[in-house]
Amino acid sequence: MKILTTPRMERCIGCHSCSLACARLVHKRLSWDTAGIRISTSGGLSTGFEARNCLACNPAPCVNACPTGAYSQRKGGGVVVRKKLCIRCGECAKACPVDAIYLDLTSEPFVCIHCSRCVKYCPHDCIEMKEVAAEPVEGETAEEAQS
Amino acid sequence: MIRDFFRVLTINLTSGRSTIVEVGGRNEVAGGSGLAALLFNKYGQTDKPWDDPEQPLIFAIGPLTGYFPLMSKTVCAFKSPYHNQYAESHAGGRSALTLRFADLDALVITGKAARPVCISLGSRHIEIKEVHYLWGMDIFATGKYLRHMFRGSGHRSILRIGPAGEKGSPMACINADTYRHFGRLGSGAVMGVKNLKGIAIQGDASFPLPENKDYPKIFEEVHKQLTDTDMMSKYHNLGTPVNVIALNDIKALPVRNLQQTSDPNIAGISGEKFAEVALLRNNACSGCPVGCIHIGFVRERFSEENRYLYRQVAYDHEPIFATGSMLGVLDCFRVLDIMDVVERMGLDVMSSGVALAWATEALEKGIISESETIVPLKFGYAEGYKEAMQHLAMGTNEFYQTLSKGTLAAAEQYNGKDFACVLGQEMAGYATGETFFTSQALGFRHSHLDSAGYSYDQKPGEKNAGKAADFLIKDEQGRVFLTSMVSCLFARGVYNDELLGRCLDSVGYKDLAEKMSDVSRHIQKLRWKTRFATGFNPNSVSIPKRFTEIVTWKGAIDTEHLRTLKDEYAKRIIELGADNDKKTT
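Residue numbers (this note's numbering), protein chains in the order written: chain A, 23 to 169; chain B, 90 to 674.
These are computed hints drawn from the structure, not numbers from a lab.
Predicted model, so just to flag it, every value in this text is computed and none were measured.
Where is the CB? At the ideal position from N, CA and C, for every residue including glycine.
Incorrect hints may have been included.
DMTMM-like cross-link-like pairs, simulated, lysine to aspartate or glutamate; straight-line CA separation at most 25 Å [claimed, not checked]:
hint, chain 1, residue 1, chain 2, residue 2
1, A, K50, B, E487
2, A, K142, B, E487
3, B, K313, A, E150
4, B, K475, B, E487
5, B, K323, A, E113
6, A, K142, B, E310
Here are the in silico distance ranges between beta carbons for each label pair [what the hints assert, rightly or not]:
hint, chain 1, residue 1, chain 2, residue 2, range
7, B, S631, A, R30, 20 to 30 Å
8, B, S242, A, P119, 15 to 25 Å
9, A, E32, B, M238, 26 to 36 Å
10, A, N86, B, S104, 34 to 44 Å
11, B, S104, A, K105, 21 to 31 Å
12, B, K302, A, S138, 14 to 24 Å
13, B, G105, A, P119, 34 to 44 Å
Facing chain B, according to a computed beta carbon distance under 7 Å, are these residues of chain A, among others [stated by the list, open to error]:
hint, residue
14, I35
15, G66
16, C108
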């Protein structure tokens, strides 16, 4: 399983190409908010940039916080979100320890699905997909997790 | 958001009231430069001075802003304190995308606040906040406070002025997001006279994308051209400072108030030297993967005990020319030192550098004395220029107050017009010859970006004023459409007419795409007509003697060709502005 990582954010120039690509390609929106990766400064433009993105927790606190089962654990970390089940309560965003989940005006959640589509748009290779061992999710054996 | 009208936020600082106005004309003026001219005609007062409280300060974006890469600039329009005429100044940074995501095509600020204020706005909020405690602060301190006062880190733009703007200096810029500027023709003073210290724009809305197959395909095509080909490598690599050596080699770099066009020691401020020893990192305007913003560093030892501080200063060809070669300062760190002061004060670097170059020569010639300049200005003496920049921004004495109105204004009072390097405003960093001098002297923005006169000078061919004027007019028409989109002009090699048409069509502006040629011609006329309505007379513009004394790789300047070309171009501009196109009213 692969997850999105941000190993070289020191190279980031703040172009927002990753966020715009995610919104455009995954969520079909023109936005730098409704995206699985969002960029902000560390403390002003003279201080460099930081990424807000899902760190692929396993177990993910947002899964536990979701009252309807809209969030489920993704193999290898992170979550799978079934928006049909989402009641827009915003509990997932509150539970995320790294502010990786964006809620729009209707409280619709946007979180990284580790799909890799943003990666090629970064001009400085700040972000990359990384292979991780698939930890078993609840109810799975280790063998089942790797299958 | 795709719409066949413009959604404009107007804010009146006198009353404190705001309004959302829907303005028609999308298929006539497109956006950006065209929209700004349309809005100035709606809200501006052609017969009142620039500092009349009712004069508007306009920020406009275009139909493609945010939808495609490098559609990342904002057009600022106002009546200029420099010449009291209609003017445009453009900047990158984040303001274009934040206006897009604030769901606005333009912002129009009129009136004058009773006390210093900042504006904070987004798609769902508008606030006018009293900030008397920020008045007097420099650009960087102001930016840091505004960051803490308003929300939206990363997805906002902070525009602000420094002491020069507060003082109403015609050389004051508006700083955009620390490293970019609405630099020329005094936009900072327009904010200053409105008691407007800063504007924080939060881009907090999002929009559905066009549901068709063309948009994603064209986006990929554009992105690939901008990133995979070498079309943008100049800007990605050394950046615009690559021009320093190139121009020096062909004897076309203004040096020491244009007393020379090259210098054997120019390597100390070359793009290569900056990259080798002073380049700290790069930054990008929002929506631009090229990232041409080059940020250098200077460090300063402030105590005997090896205690240092460091500063980050963005550099480009134009600031290097204006505070480097033009002032005879040929050490990149000393150039960054001067630029840092200019940034803090909120001055336009090109105007202020060229003005001090004139002052230095005037002092050398004994036309003025140190009682005027306060500090001993001398080519190459960076410390003197750092201090003089502060005097220029603060208007410390009558001399600096006059100089801040323009080098020609000072030359009128103190003499020395022959060596005032002014082409409509203080010159840009190209001494390529007759076509560029004409282009900047008469160009709409008096900018090297109005049309590629500097490039035309470098092409072999006969000296034909008619053909050169044809080129300038046609090139301006193409550029004015790009600045109505609003594209970064560095992408002009990618965004040709055919591609622009497909871009517009793919996001839903089919009508605009089908009549781009008519629309660009219309915008070109509308801008000139607006400029003329505020008093511009191209026949009154003179090109100082210094420009005729230089020698470039082509040899001496052909004064007869320069005169003929200037007259011819003036005639063409007047015809454009006088053309009674029904759409221009």
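Kindly indicate which numbered hints from before are broken by the structure, ordering the numbers from low to high. 1, 2, 5, 7, 10, 11, 16
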